[in-house]
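Chain residues, written in single-letter form:
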Amino acid sequence: MDLMMHLPVLIVVVPLLAGALIVLLNHRKGAWLITLLTSIFLVYASVQLIQMVGQVDVISYTLGGWKAPLGIELRIDALSALMVLILAASALLVSIYALKSVEKEIPEQNHVLFYTALLLVIAGLIGISITADAFNIFVFLEISSLSTYALISMGRDRRALHASYHYLIMGTIGATFILIGIGFMYVMTGTLNIEDLAQRLPAVADTNAIRAAFAFITIGVGIKAAMMPLHQWLPNAYAYSPSVVSTFLAATATKVAVYVLIRFVLSLYGIEFSLVQMPFDNLLMILGTIGILGGSVYAIYQSNVKRMLAYSSVAQIGYILLAIGLASQPGFTAALLHMFNHALIKGTLFMALGLVFFRFASTELSVMSGMGKTMPLTMAAFTIGGLSLIGVPGTAGFVSKWYLVIALLDASLWPLALLVLVASILTLIYIGRVIEVAYFRPVPEGRTRQKVPLTMMVALWIFALSNIYFGLDTEISQGMASLAVNQLIGVTP
Amino acid sequence: MSIELLYILILLIPLLTAVGVLVCHQKPNVREAVTLIGGISLFLVVVALAFNYDFEQPVTLTLLEPFPNLSLALRLEPLGLLFALVAGFLWPVTSLYAIGYMRAHHEKNQTRFYFAFAISIFATMAITLSANLLTLFLAYEMLTLFTLPLVTHAGTDAARRAGWTYLGILMTTSIGFLLLAIIWTWTLTGTLEFTPGGILAGKAEPAILGALLLLFVFGTGKAALMPFHRWLPAAMVAPTPVSSLLHAVAVVKAGVFTILKIAVYIFGIDLVGQLDAAYWLSMLAGFTILSASIIAMSKDNLKARLAYSTISQLSYIILAAMLGVAGGIMAGSLHIVMHAFAKITLFFAAGAILVSWHKSSVSELNGIGRAMPITMLAFLLASLSIVGLPPLGGSWSKWLLLNATMDAHNMVLLIVLLVSSLLSIFYLVEIPIRAFFAKPSDPNYNNGINEAPTFSLIAILITTTGCLLLFFLVSPAWNLVEQIIP
Amino acid sequence: MHELLEHYNYWIVVILMMMGLYIVIASSNLVKKLIGLSVFQVSVFILYITFGKVTEGSPPIITDNTDVYSNPLPHVLILTAIVVGVATTSVGLALIVRIQEAYGSIDEDEIHDMDDKDDFHIEKQV
Numbered sequence: 000m001d002l003m004m005h006l007p008v009l010i011v012v013v014p015l016l017a018g019a020l021i022v023l024l025n026h027r028k029g030a031w032l033i034t035l036l037t038s039i040f041l042v043y044a045s046v047q048l049i050q051m052v053g054q055v056d057v058i059s060y061t062l063g064g065w066k067a068p069l070g071i072e073l074r075i076d077a078l079s080a081l082m083v084l085i086l087a088a089s090a091l092l093v094s095i096y097a098l099k100s101v102e103k104e105i106p107e108q109n110h111v112l113f114y115t116a117l118l119l120v121i122a123g124l125i126g127i128s129i130t131a132d133a134f135n136i137f138v139f140l141e142i143s144s145l146s147t148y149a150l151i152s153m154g155r156d157r158r159a160l161h162a163s164y165h166y167l168i169m170g171t172i173g174a175t176f177i178l179i180g181i182g183f184m185y186v187m188t189g190t191l192n193i194e195d196l197a198q199r200l201p202a203v204a205d206t207n208a209i210r211a212a213f214a215f216i217t218i219g220v221g222i223k224a225a226m227m228p229l230h231q232w233l234p235n236a237y238a239y240s241p242s243v244v245s246t247f248l249a250a251t252a253t254k255v256a257v258y259v260l261i262r263f264v265l266s267l268y269g270i271e272f273s274l275v276q277m278p279f280d281n282l283l284m285i286l287g288t289i290g291i292l293g294g295s296v297y298a299i300y301q302s303n304v305k306r307m308l309a310y311s312s313v314a315q316i317g318y319i320l321l322a323i324g325l326a327s328q329p330g331f332t333a334a335l336l337h338m339f340n341h342a343l344i345k346g347t348l349f350m351a352l353g354l355v356f357f358r359f360a361s362t363e364l365s366v367m368s369g370m371g372k373t374m375p376l377t378m379a380a381f382t383i384g385g386l387s388l389i390g391v392p393g394t395a396g397f398v399s400k401w402y403l404v405i406a407l408l409d410a411s412l413w414p415l416a417l418l419v420l421v422a423s424i425l426t427l428i429y430i431g432r433v434i435e436v437a438y439f440r441p442v443p444e445g446r447t448r449q450k451v452p453l454t455m456m457v458a459l460w461i462f463a464l465s466n467i468y469f470g471l472d473t474e475i476s477q478g479m480a481s482l483a484v485n486q487l488i489g490v491t492p
Numbered sequence: 000m001s002i003e004l005l006y007i008l009i010l011l012i013p014l015l016t017a018v019g020v021l022v023c024h025q026k027p028n029v030r031e032a033v034t035l036i037g038g039i040s041l042f043l044v045v046v047a048l049a050f051n052y053d054f055e056q057p058v059t060l061t062l063l064e065p066f067p068n069l070s071l072a073l074r075l076e077p078l079g080l081l082f083a084l085v086a087g088f089l090w091p092v093t094s095l096y097a098i099g100y101m102r103a104h105h106e107k108n109q110t111r112f113y114f115a116f117a118i119s120i121f122a123t124m125a126i127t128l129s130a131n132l133l134t135l136f137l138a139y140e141m142l143t144l145f146t147l148p149l150v151t152h153a154g155t156d157a158a159r160r161a162g163w164t165y166l167g168i169l170m171t172t173s174i175g176f177l178l179l180a181i182i183w184t185w186t187l188t189g190t191l192e193f194t195p196g197g198i199l200a201g202k203a204e205p206a207i208l209g210a211l212l213l214l215f216v217f218g219t220g221k222a223a224l225m226p227f228h229r230w231l232p233a234a235m236v237a238p239t240p241v242s243s244l245l246h247a248v249a250v251v252k253a254g255v256f257t258i259l260k261i262a263v264y265i266f267g268i269d270l271v272g273q274l275d276a277a278y279w280l281s282m283l284a285g286f287t288i289l290s291a292s293i294i295a296m297s298k299d300n301l302k303a304r305l306a307y308s309t310i311s312q313l314s315y316i317i318l319a320a321m322l323g324v325a326g327g328i329m330a331g332s333l334h335i336v337m338h339a340f341a342k343i344t345l346f347f348a349a350g351a352i353l354v355s356w357h358k359s360s361v362s363e364l365n366g367i368g369r370a371m372p373i374t375m376l377a378f379l380l381a382s383l384s385i386v387g388l389p390p391l392g393g394s395w396s397k398w399l400l401l402n403a404t405m406d407a408h409n410m411v412l413l414i415v416l417l418v419s420s421l422l423s424i425f426y427l428v429e430i431p432i433r434a435f436f437a438k439p440s441d442p443n444y445n446n447g448i449n450e451a452p453t454f455s456l457i458a459i460l461i462t463t464t465g466c467l468l469l470f471f472l473v474s475p476a477w478n479l480v481e482q483i484i485p
Numbered sequence: 000m001h002e003l004l005e006h007y008n009y010w011i012v013v014i015l016m017m018m019g020l021y022i023v024i025a026s027s028n029l030v031k032k033l034i035g036l037s038v039f040q041v042s043v044f045i046l047y048i049t050f051g052k053v054t055e056g057s058p059p060i061i062t063d064n065t066d067v068y069s070n071p072l073p074h075v076l077i078l079t080a081i082v083v084g085v086a087t088t089s090v091g092l093a094l095i096v097r098i099q100e101a102y103g104s105i106d107e108d109e110i111h112d113m114d115d116k117d118d119f120h121i122e123k124q125v
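Chains as they are written, first to last, in numbering that gives the first Met the number 0: chain W, 0 to 492; chain A, 0 to 485; chain S, 0 to 125.
Because the hints were derived from the structure by calculation, they are not lab data. Glycine is no exception: its CB is placed at the ideal position from the N, C-alpha and C atoms. Any given hint could be a false lead.
[Stated by the list, open to error] Okay, the calculated bits of chain S under chain W, using three or more residues with CB under 8 Å as the criterion:
| no. | stretch |
| --- | --- |
| 1 | 37-50 |
| 2 | 57-65 |
| 3 | 96-103 |
[What the hints assert, rightly or not] Below are the DMTMM-like pairs computed for lysine to aspartate or glutamate, each with C-alpha atoms no more than 20 Å apart in a straight line:
| no. | chain 1 | residue 1 | chain 2 | residue 2 |
| --- | --- | --- | --- | --- |
| 4 | A | 358 | A | 299 |
| 5 | A | 202 | W | 195 |
| 6 | W | 372 | A | 299 |
[Stated by the list, open to error] Over the 10 Å line for every Cβ pair with chain W, so calculated as not near, a few chain A residues:
| no. | residue |
| --- | --- |
| 7 | 29 |
| 8 | 43 |
| 9 | 51 |
| 10 | 53 |
| 11 | 60 |
| 12 | 159 |
| 13 | 185 |
| 14 | 186 |
| 15 | 293 |
| 16 | 325 |
| 17 | 443 |
For reference, chain W alone in the conformation it holds in the complex:
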């Protein structure tokens, strides 16, 4: 069927066009509706793509019929399909959530532009995940980043503006570094297509230019992925942006940056170069570990729960980077698995906080006093997400921890395994603080049971329950991760 053949390009083009359509129509409710319909389409498309990838391993699509490596090619393998699934599912749940959340948090005249920017971000992130052209990655990266800056700045708190500006500066530096790296690679090999580059690189791998290129790209991606110590932009950006934005970003943005890292490290440069010749594996493990500890410790000291979760995200990215640094099959499987599971966890937590913000216009810890009684469903969902973050068995977070510890033990790094488990205790402390305040502090004077919009609650609980579902049935998540890893490692030239 014609539609199926063009799915790869449609998943980028449809959100882009939808964004343009929204601006033209300039109708608030219509904007939301179009966003919702687009996300539904994206979910449908991602499921189709997963099935197709299951049969043919890799889907290749050339834009405009110009053949690779001269033309721009879209390649969807298991990893890309997994990323598209994460993005589409997050987009759908966030769209459902956004109806009421946006009304409350964003001034009316900006609603239409908000939805446009959201769709552009989605288009950009999906584009990154499926393109096989290195420069194209840069273009989509900037598309999504610029839209993200705009989205973050729409938060009610004026500090959102400053946070967005700070992110803009750092993000642009990061993207420009990536651009430099791509340039060096192009000069040495004459091609921009990832697969072609992978074949041509080994011949020139021993030059300073390629080493420099590698360094630039990894630093650039590191900034985008909030790898410690390049994470400075994240806490404020997540804390002060509108709830819909922080939810979506926490679930997707940094993961896509990690995806870019994996693509470059595995598909392009190959394990041999990246992780053996260059000391990148050690670097990743060290920085990942620092991220885990630093993020968790900083999180404990925050009084703003959103900032607490933002630092927690830095820690979780640390886990993923640590897993990648192991440079082994169990390591990569654990990393990809956690990319998926963490989207579920943070999605739940940030959505729950969004509901708090909806009612009380603040996410300070003190505001959440007694919330176990005044917003019981919200807190229950938050608790589920929190337990998943800690890694209690029965939740998706436990599955990630399990695979990560196995990967670490497989590499005989049992001190790090112990450290990962200790970090769970740190997580217990800061999540425990929130739960304690919600369930054990008295309800403030005059506050009664709060009503919250059904759409927001539904989206929240879908995220929350999926934590439990994917904690007990890992066929999809772990299956896809394993498949992707097999393809990636087998692709090494």
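Assemble chains A and S onto chain W, guided by the hints.
Below, chains A and S alone, put in the same frame as chain W:
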């Protein structure tokens, strides 16, 4: 009735009871009836399972398979059945006690209490039926979380802090040590199934296996081995029914049950006998026994004294498990039963004293026997069971334990056991002696009998009779524990 | 020395890049930071274009005079990158305008001080 159906019922009944409790929130009497019916039916199902189950042909029920080759599954074996019978019997009895206590004490949030009780029993039953370490770990963590609202029931600052201590110690040990040990075992052997004879023999050098054993035992924080014992006295801030069932029976017994299961079905008793780490752990258990007994003697608060007594008694079981002889396993398993009945009686009595007379310190109990003769008599009998004197059930497990230390040629531990029995006379039997023979510290004690609330009194009588009956009718329990290591 | 002069184009790139980064880091004025960012990006543009120049090559427009053309691809890439740069600068400037409205200042240090006092959120003037 198929075995699988019985398994499912054992898990389902507590859950349904929990739901029933919530539904009957507005009608306390119906709510209490739901709890009692749930408890009694659960016990009957466990008994049915006991009669219909053939240990030679074990039946496994796989619930879910979260990881490839790793499932959440249920399978009964003699030790699990023993624990299930004990917990299943004592839940309705404690519910009976709780009805009397909570009403007489005018406790708030009773629905939340009975609900949390029911789901904690669910978790306990899941522990007894676990077929592998993953299922056990899941149920173990659930038990910690489900009992937290019970520990912090009072809602006071002290309760909150106790909750943090409880959660902190238990989750730190379980995530930091136990989970690590479980995953490590998985990487070494490729399986987590409980298998007679163990799965670890020959899979790694003794040094590694020793480290693994240490991780497992220290990871089981619920067994209150020093230095991870602080949560137990901290949890005494909870209402006495909570302390009785959970901290004399369910939570702590889940801890020692885990250690016994790991010793028998993961390591294998022969391997345990060979490991140096096991020797050192048995010594640590011995140290815990003595120091906890000494601390108990110094405590004037009755519940605190009982808490340290529990810590001491739990280490009896840990010691027994680490001896590496079959007799030790038998002794430890039997002690689960004996100690459960005895300790629960003691806690019941302490709660009754609190409710009827608002006394919580030992020094205030002089002469209270005049006012609460039945309760204090029960206290006396239960204390004697703990000391290990006939005709109380505790004498059997004590005797087996002494034999086991001799089997293992460990004279030091033999002496430790004898000394601790002596100490327990001092810190436990002292109390009923004061109650009956000392001059009353409160003149009201002479004003006639003011016993425990009726329901609670009935519960006390049931458990005390249990302590006595377990001496004379010990053979069913004996048969079960003999089958653990055939 | 000869080598230095031979690769003068790359030296210019490096100097511009470092100048740009320095301006970003050292300025406290938000607009100046943005200017530094632009300088930084421009250096990368020059890098690409200088990659594309083929010795003795003419601009990549087909004529009859010569067979050697400079590589057109970097030019195309840089056009895209310039557009991205323009968009980035405009978003940045828009943010600065809003920051000025909300804070009354576009100096980083002053804004930090005001943020520290903002322990509870303050609504922006819409």
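Quick rundown of the hints versus the structure:
1. Residues of the stretch 37-50 of chain S with a Cβ under 8 Å from some Cβ of chain W number 6, which satisfies the need for three, so the listed coverage holds.
2. Counting residues of the stretch 57-65 of chain S whose C-beta sits closer than 8 Å to any C-beta of chain W gives 0, which falls short of three, so the coverage hint is violated.
3. Counting residues of the stretch 96-103 of chain S whose CB lies closer than 8 Å to any CB of chain W gives 4, so the stated coverage by that chain holds, three being the minimum.
4. The hinted pair formed by residue 358 of chain A and residue 299 of chain A meets the criterion: a straight-line CA distance of about 11 Å does not exceed 20 Å.
5. A hinted pair counts as satisfied when its Cα atoms are at most 20 Å apart, and residue 202 of chain A with residue 195 of chain W does not qualify at roughly 46 Å.
6. Between residue 372 of chain W and residue 299 of chain A the alpha-carbon distance is near 38 Å, which puts this suggested pair outside the 20 Å criterion.
7. Every Cβ of chain W is farther than 10 Å from the Cβ of residue 29 of chain A; the closest lies at roughly 23 Å, confirming the non-interface assignment.
8. No Cβ of chain W approaches the Cβ of residue 43 of chain A within 10 Å, the least distance being about 29 Å, so the stated non-interface status holds.
9. Look at residue 51 of chain A: its CB is around 29 Å from the nearest CB on chain W, clear of 10 Å, so calling it non-interface holds up.
10. Separation of residue 53 of chain A from chain W is adequate, the least Cβ-Cβ distance of about 31 Å exceeding the 10 Å criterion.
11. Look at residue 60 of chain A: its CB is around 16 Å from the nearest CB on chain W, clear of 10 Å, so calling it non-interface holds up.
12. Not every Cβ of chain W is farther than 10 Å from the Cβ of residue 159 of chain A; the closest lies at roughly 5 Å, contradicting the non-interface assignment.
13. In this structure residue 185 of chain A is not separated from chain W by more than 10 Å, as the shortest Cβ-Cβ distance comes to only about 7 Å.
14. The Cβ of residue 186 of chain A does not lie farther than 10 Å from every Cβ of chain W; its closest approach is about 5 Å, which violates its non-interface assignment.
15. At roughly 31 Å from the closest C-beta of chain W, the C-beta of residue 293 of chain A stays outside 10 Å, upholding its exclusion from the interface.
16. The beta carbon of residue 325 of chain A sits about 32 Å from the closest Cβ of chain W, which is more than 10 Å, so the claim that it is off the interface holds.
17. Distance check on residue 443 of chain A: its Cβ is at least 37 Å (rounded) from any Cβ of chain W, clearing the 10 Å threshold; non-interface status holds.
Violated hints for the displayed structure, listed by number in ascending order: 2, 5, 6, 12, 13 and 14.
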